[in-house]
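Q: Sequence:
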Amino acid sequence: MSASENSDEREIFVIDGDAGVHHELRIILENAGYNVTCFTDENAFLVEMRQRNPACIILDVNLPGRSGFEVLDDLATYPVPVIMISGHGDIPMAVKAIKSGAQDFIQKPFRGAELINCIENILMGSSPPRSALPQPKQSLSNSPGRTILTLREREVLEQVTVGLSSKEVGQVLGISPRTVEDVRSRIMRKLRVRNTAELMMAVSKWNSRPPNTNV
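Residue numbers 23 to 237, in our numbering, belong to the letters of the sequence shown in order.
Worth double-checking, as some hints may not be accurate.
[Stated by the list, open to error] Within a straight-line C-alpha distance of at most 20 angstroms, the following computed EDC-like cross-link-like pairs (lysine to aspartate or glutamate) qualify:
#1 K121 <-> E92
#2 K212 <-> D112
#3 K121 <-> D204
#4 K189 <-> E177
[Stated by the list, open to error] Derived CB-CB ranges, DEER-like:
#5 R32 <-> G196: 15 to 21 angstroms
#6 N143 <-> G196: 35 to 41 angstroms
#7 S122 <-> D40: 18 to 24 angstroms
Since the hints were derived computationally from the structure, they do not count as laboratory data.
From the three backbone atoms N, C-alpha and C, an ideal C-beta is built for every residue, glycine too.
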């Protein structure tokens, strides 16, 4: 999703209950040339949304009053891309964020360059389409990743990318949650991804390609 034509292309709204996060994001974003307005109260934020049209919204999952996912639902009628952030994120949460309408998901603590790159990709309309998210019961057997991942790693990856927790993956595959965590760490190292959002993007790109019958 690209920014609306009527939006302020340099205005970013931040909704987070932590004043320290406000300070950090303000420094990162203003150094990149963006104007930043921070909110701790989702009600004040929604009032402001009726009067202004920012280019992008950064929304924390855990807000003082309500869940960030509830606020995300309120934003469904606004043509503004949303990036969700969390200090306790995991793959199921990233999947939920994207499927609920967020354009991307970034786990705290985040790197400034990572956040700015994410915002700029979204505003240029080059972020991955939500429809490309992996769906349940699909196979990674024809993906490029099969050449570097073991059978067990592919099995775990298929389960975590549809939103299962480590405990649930363990129950499905008959292994312990700790083993699932260890396998997932190996997957992220092999695929050279730093967080859950990058992992989701990698899998989305694989599944958007036609099967290669020559591999």
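Q: Between N143 and G196, does the C-beta distance stay in 35 to 41 angstroms?
A: Because 39 angstroms falls inside the window, the suggested range holds.
Q: Look at the Cβ atoms of R32 and G196 and judge whether their distance stays inside 15 to 21 angstroms.
A: violated, 52 angstroms
Q: Checking one constraint from the list: CA of K212 to CA of D112, max 20 angstroms. Satisfied?
A: holds, 18 angstroms
Q: Between K189 and E177, is the straight-line Cα distance small enough, at 20 angstroms or below?
A: The given pair, whose Cα atoms are some 14 angstroms apart, holds under the 20 angstroms limit.
Q: Regarding the pair K121 and D204, is the alpha-carbon distance no greater than 20 angstroms?
A: Violated, because 26 angstroms separates the two Cα atoms, which is more than 20 angstroms.
Q: Do the alpha carbons of K121 and E92 lie within 20 angstroms of each other, as the hint requires?
A: holds, 13 angstroms
Q: Honestly, do S122 and D40 meet the 18 to 24 angstroms range at C-beta?
A: Given range 18 to 24 angstroms: holds, Cβ gap about 22 angstroms.
Checked against the numbered hints given earlier, the structure breaks hints 3 and 5 and satisfies all the rest.
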